[in-house]
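Letter by letter, the chains look like this.
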Amino acid sequence: MCLAVPGRIIEIYDQNTLRMARIDFGGVIREACLEALPDATVGDYTIVHAGFALNLLSEEEAQETLDALREIGEIEAELGLEDEEISSRDV
Amino acid sequence: MELSQAFRDGELVQRVVKEIRRIVTRDWVIMEICGGQTHAILHSGLDQLLPPQIELVHGPGCPVCVTSLELIDKALAIAARPDVIFCSFGDMLRVPGSNQDLFSIKAAGGQVRVVYSPLDAVKIAQQNPDKQVVFFAIGFETTAPANAASILQAKAMGLKNFSLLVSHVCVPPAMHAILGAPNNRVQGFLAAGHVCAVMGYWEYPPIAEKYRVPIVVTGFEPLDLAQGILMTIRQLEAGTHSVENAYQRIVSKEGNQAAQAILRRVFKPVDRNWRGVGTIPLSGWGLQPEFAEFDAENRFDVGHIQTHESPLCIAGEILRGLKKPIDCPAFATLCTPAKPLGAPMVSSEGACSAYFRYHRTQETT
Amino acid sequence: MTDSTIPSFEGATCPVPMRHDDQIVIGHGSGGRMTQDLIARVFSPAFMNPILAQSNDFASFELPPNAMLNGRLAFSTDSHIVSPLFFAGGDIGRLAVCGTVNDVSMSGAVPLYLTAGFIIEEGLPIQTLERVAASMQAAAQEAGVKIVAGDTKVVERGKADGLFINTAGVGWIPPHIHIGGALACPGDAVLISGTIGDHGIAVLSARGDLGFDAAVTSDVAPLNSLISNLLEAAPGVHVLRDPTRGGLATTLNEIAHQSGVCIEIYEEKIPIHAPVQAACEMIGFDPLYVANEGKVIVILPSDQVDAALKIMHNSPHGAEAAVIGVVKPAPSGRVLMKTSIGGTRVLDVLAGEMLPRIC
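Heads up: the protein sequence lines correspond to chains A, B and C, in order. Under the working numbering, think of the first position of the first sequence as 8, with each following residue one higher. Under the working numbering, think of the first position of the second sequence as -2, with each following residue one higher. Under the working numbering, think of the first position of the third sequence as 8, with each following residue one higher.
Chain A extracted, bound-state conformation:
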């Protein structure tokens, strides 16, 4: 139910009373409805599903999440756990 992809807002305009935007998904440009993001500006990142921008994407939060996850790897190293790759063969 949830195929949504991140993209950058490159233009904002009105269309038949709806607030719309052109979004750049990384070399692919498409229109999306921005009604739910009245404060979004050009340059913001958002996540789009079925032509509708669901919410803003926070790069800051993303970085924090990644940093926290990287710390897990460090714990592993400190505990001296083996550095072997898990694959489907191990299960």
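Derived from the structure by calculation, the hints contain no laboratory data. In this text, a Cβ means the ideal position worked out from N, Cα and C, and glycines have one as well. Keep in mind that the hints are not guaranteed to be accurate.
[Stated by the list, open to error] Estimated spans, in silico, between C-beta atoms of each pair:
hint	chain 1	residue 1	chain 2	residue 2	range
1	C	Asp158	B	Glu290	48 to 58 Å
2	B	Pro49	C	Ser339	23 to 33 Å
3	A	Asp46	B	Arg209	33 to 43 Å
4	B	His305	C	Gly36	26 to 36 Å
5	B	His305	C	Arg48	25 to 35 Å
6	C	Thr159	B	Gly155	44 to 54 Å
7	B	Ala153	C	Gln134	38 to 48 Å
[To be verified] Okay, derived cross-link-like pairs now, BS3-like style, lysine-lysine, Cα gap no bigger than 25 Å in a straight line:
hint	chain 1	residue 1	chain 2	residue 2
8	B	Lys265	B	Lys152
9	B	Lys128	B	Lys103
10	B	Lys207	B	Lys336
11	C	Lys166	B	Lys128
12	B	Lys128	B	Lys157
13	C	Lys166	B	Lys103
Starting from the structure of chain A, add chains B and C where the hints point.
Just chains B and C now, kept in the frame of chain A:
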């Protein structure tokens, strides 16, 4: 996007999975309710890397699977009309009704168009004033805002030839139905990240409390899923049952208030029949009276629909995680992806079609 | 724990739920299982002969004993119905020429002559036809082939989506060359000549139905020059095939099945342009199943890989060639992919038509 790539980092995923393996001490059953998460897990092979103690059970989080047979038959009847251009997401094209699917309606001459967004259907209505354009509005809370926007736009444009066939379903009532069932096996929940992007997760603490089940809002990239599972296992091992957010870059507790306001304006809670499960009270959304003119069920009289569902299909028990597809006597014999008896064998995320392929690959080894 | 040495589910596409036994539906033309079933049910029984049973994209046969020729001929045909007629990087004409040139070249043949049959919809501007013809001639010149016979029919408005083109082509296979889908050997390396998914996404973008504009160009191109260079530098090539309809995954399945081997590929090694990846993610397509019109899969002994890559990188349309996998003895007929996180996924044949999805 580079950010998406970062959440697919194979090495980081491996580290998180190792941590899961390190801390798990006993068997646990975790459900992910979102079909998109089921798909992402199987697609990336994450399920194979998890330790054997963790059983992932796939919930009824796929609108394809749970749209009622009666509504599909209505969709087919509407799509067959010569004055109608029937627009739908691609997902619905192959779902079997009692006798046919949208694909065969198209082959027989019905005008059926696949669109990416309901707003595209509004454009089609504008471009075809002599036809009735109907959009099959399925989906969970993730898709509801797009469908609501299409109604608002159609109304603002004064379109008389646009309508929605609404089949919206909501997640929290489904969670209650699953967790409240007497033979429930689910001990931890991965909440659907994009549903929560819209709705927030303020609805979940009462559920976690009532059933004493940890709930972790989870995203869709391999790293997101691994993290969601790790946080759930940590809680299970510690015996806690709170709601946590592992998808902070998109989801906040209150969700997107502007989106929720749009939803409240256009939709109201209604009872909904979930295919294979039955009617769950107030588990869906229907159009508010102000927008009743855009309801395709009001606009088209398709007569009495006599549905025919296979008596052999145990989809309901599978969708609630009570039984596995291989427990079904019809599995891989009478019921296959080529000739499915029920919805979970149809969808790319359906538990039965996934198990079918696993079963088949075992045969070739 | 279950024996999960072989993993489950290849993801991406919906299996076909209904058998459309009495009428042709679009899925029959998608190049996947439905097409195979249709061929097996209707055409193979009707036309059955040993040459057709070779099941390659080309037919190769010897001439009668007193014919003045050594080696064999390769002969192939392809029909083109693409809409829109023009898209970034090409058009139906270029597609028609390159498609057949490539099919013939997959045998290791030097392509020589093409025929072209046109079914034109009433109302098509002549200028459009002129553009298409010019493009065909340009592609033919690029490939070094001649269009030597043709046919034209016109049908009523509404019966041909603008223009349909069929091309057939003949080529000559030198006697020492033996290439075919049944010849992959365990231990062989699997190469692709460049990025996947470009053509399918370029056409979708041009069609406009899904409302997106992708910075993607179709890869449609004649590959005979690349192939002849390759065969000179790496004469032990076992299999050549272009991953057109159904994409890389479907084509690898055909080969694995014909050769009775397992093909294992690595997700990280598959070259794909970022906008193609982005477009596929947006609409829920798997790039492994998206059509290509200027790429070739090369399966050859592993000791010839370096030579092959070197010559491909220096040949037209081979600059991004890469090793993507390996041939294994078992499980027979299976294609497996090691994912970027270390899992293994079964890649099945595309079942019906790939459709944009929201789930």
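Structure-based check of each hint:
{"no.": "1", "hint": "Asp158(C) with Glu290(B): 48 to 58 Å", "in the structure": "54 Å, holds"}
{"no.": "2", "hint": "Pro49(B) with Ser339(C): 23 to 33 Å", "in the structure": "28 Å, holds"}
{"no.": "3", "hint": "Asp46(A) with Arg209(B): 33 to 43 Å", "in the structure": "39 Å, holds"}
{"no.": "4", "hint": "His305(B) with Gly36(C): 26 to 36 Å", "in the structure": "30 Å, holds"}
{"no.": "5", "hint": "His305(B) with Arg48(C): 25 to 35 Å", "in the structure": "28 Å, holds"}
{"no.": "6", "hint": "Thr159(C) with Gly155(B): 44 to 54 Å", "in the structure": "48 Å, holds"}
{"no.": "7", "hint": "Ala153(B) with Gln134(C): 38 to 48 Å", "in the structure": "41 Å, holds"}
{"no.": "8", "hint": "Lys265(B) with Lys152(B)", "in the structure": "18 Å, holds"}
{"no.": "9", "hint": "Lys128(B) with Lys103(B)", "in the structure": "16 Å, holds"}
{"no.": "10", "hint": "Lys207(B) with Lys336(B)", "in the structure": "40 Å, violated"}
{"no.": "11", "hint": "Lys166(C) with Lys128(B)", "in the structure": "22 Å, holds"}
{"no.": "12", "hint": "Lys128(B) with Lys157(B)", "in the structure": "10 Å, holds"}
{"no.": "13", "hint": "Lys166(C) with Lys103(B)", "in the structure": "16 Å, holds"}
The structure fails to meet hint 10 from the earlier list, while all remaining hints are met.
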